[in-house]
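Trainee: Sequence:
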Amino acid sequence: MKNPFLSLKYSNFRIYWIGMNLSLIGSWMQSVALPWLVLSITADAFKVSLVAAARFLPALLFTPFSGVLLDKFNRKKILLLAQIGMAVTASIFAVMSFCELYSFGKILFCAFASGIFTSMDAPSRQSMVKDLIDSPRDLANAIALNSMSFNVARIAGPALAGIVMALWGVGFCFLFNALSFLGIIVSLFFIKIPPSATTLSSRSGGVFASIGAGISYVSHKKTLSELMIIVLIVATLVPNYNVTISALVKLSLDADERSFGYLMSALGVGAFCGALFVAVFDKLGIRKIRSCAIAMGVSLALTGAANSFAWAAAGLAVTGFLFVITNSSINSTVQMHVSNEFRGRVLSLYALFLIGSTPFGALISGFFTELLGARVALAICGAISILLLLALFYGFKIRRRTHFIFRDKV
32 MKNPFLSLKY SNFRIYWIGM NLSLIGSWMQ SVALPWLVLS ITADAFKVSL
82 VAAARFLPAL LFTPFSGVLL DKFNRKKILL LAQIGMAVTA SIFAVMSFCE
132 LYSFGKILFC AFASGIFTSM DAPSRQSMVK DLIDSPRDLA NAIALNSMSF
182 NVARIAGPAL AGIVMALWGV GFCFLFNALS FLGIIVSLFF IKIPPSATTL
232 SSRSGGVFAS IGAGISYVSH KKTLSELMII VLIVATLVPN YNVTISALVK
282 LSLDADERSF GYLMSALGVG AFCGALFVAV FDKLGIRKIR SCAIAMGVSL
332 ALTGAANSFA WAAAGLAVTG FLFVITNSSI NSTVQMHVSN EFRGRVLSLY
382 ALFLIGSTPF GALISGFFTE LLGARVALAI CGAISILLLL ALFYGFKIRR
432 RTHFIFRDKV
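One rule links them: number in the working numbering = place in the sequence shown (from 1) + 31.
Everything labelled a hint here was simulated from the structure, so no lab data went into it. We put the beta carbon where it would ideally sit given N, CA and C, even for glycine. Be a bit skeptical, because a hint or two may be false.
Below, a list of computed lysine-lysine pairs in the DSS-like style, where the Cα atoms sit at most 25 Å apart [what the hints assert, rightly or not]:
| # | residue 1 | residue 2 |
| --- | --- | --- |
| 1 | Lys428 | Lys253 |
| 2 | Lys252 | Lys161 |
| 3 | Lys161 | Lys40 |
| 4 | Lys40 | Lys108 |
| 5 | Lys78 | Lys161 |
| 6 | Lys252 | Lys319 |
| 7 | Lys319 | Lys428 |
| 8 | Lys103 | Lys319 |
| 9 | Lys40 | Lys107 |
| 10 | Lys108 | Lys161 |
| 11 | Lys253 | Lys319 |
| 12 | Lys107 | Lys252 |
| 13 | Lys137 | Lys78 |
| 14 | Lys223 | Lys40 |
| 15 | Lys253 | Lys161 |
| 16 | Lys161 | Lys107 |
| 17 | Lys223 | Lys103 |
| 18 | Lys223 | Lys108 |
Label-pair ranges, simulated between beta-carbon atoms [unchecked claim]:
| # | residue 1 | residue 2 | range |
| --- | --- | --- | --- |
| 19 | Trp342 | Gly426 | 29 to 39 Å |
| 20 | Leu402 | Ser339 | 21 to 31 Å |
| 21 | Trp199 | Val238 | 44 to 54 Å |
| 22 | Phe135 | Gly316 | 42 to 52 Å |
With the hints as constraints, model all of the structure from the sequences given.
Mentor: Set out below in structure tokens:
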């Protein structure tokens, strides 16, 4: 066991971590308020999934280009631009809500605009963590602390959003999110990173050639390629909570905004425990990552069988615990295996699979939720993830055996 806050001894990481915490709470408040707003004005679960898809679709389109920028230019400035952009879009949501100027089309457009800046934010935050600490040995702890902050916000944000929506309305959730970005924006001005850590590759070459080089780098490393596919499967089918859980609470459990917030907080409690586990005991090895990914699909499917609030909360807590352990361990392992020259591009690919797959998952879960109900949708997504992961692991096992047989014959 080790100190879970070990990486806070580095001043750069400490300043960044403190500033990020406030921003994350606001972001989670908005992530709860937005689907609730859409469901309230449309009463259509599929339209909730369309907004989720619009929010995350830019990650699919622009994240690979962000990776090239991160390997060639100042990462801190790119991250700053992303925070300012997300603050502006949150402010627009707030104005629309207060003035009752919202419509489904406007919400869809603003969600897409917010997603553009998110496509810059996620890979820049991921790639900058290693620049903020002095010892590679503390990298896993720093990543776990980031996950811990994320999941503390996941606990506090939805619970606070449920209370704020019940007392004052969704507009104040968007307003708080807009103001919360000031924390990380201010902190970035106090962080000092050596120039060599912010411009890692000055080689000439086209953008698409650089993206291709990053993809080739990952595909030729078996560990990286397997981990990336695990992320793709899990991120597509598991974390579409805002789409499915909002429908589960409102349409299946017949509950209100506070219950939605509490249920999302139960997910966050499990996720926080997962982050604390990784911070104390370090990342998992590849075999345990595989086991946790399978168990995650099982827990999601069992959550679909929930016929009470307590059962749903317990299932989501276990799912959150496994999701964070799996993804924190994958993140740490990827960063340990990648060279500095390709860090931005590889982590942008990781962010692409983690976030960019969400539009497809949102559409899948939204379709099944609208057609068969939230419970069945959760069970189907969990079952599909299990089958795909088993096929992946079996495929890599066959590939390794074939490689060894061929090598022995040669």
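Trainee: Check the structure against each numbered hint from earlier and tell me which ones fail, lowest number first.
Mentor: 5, 8, 12
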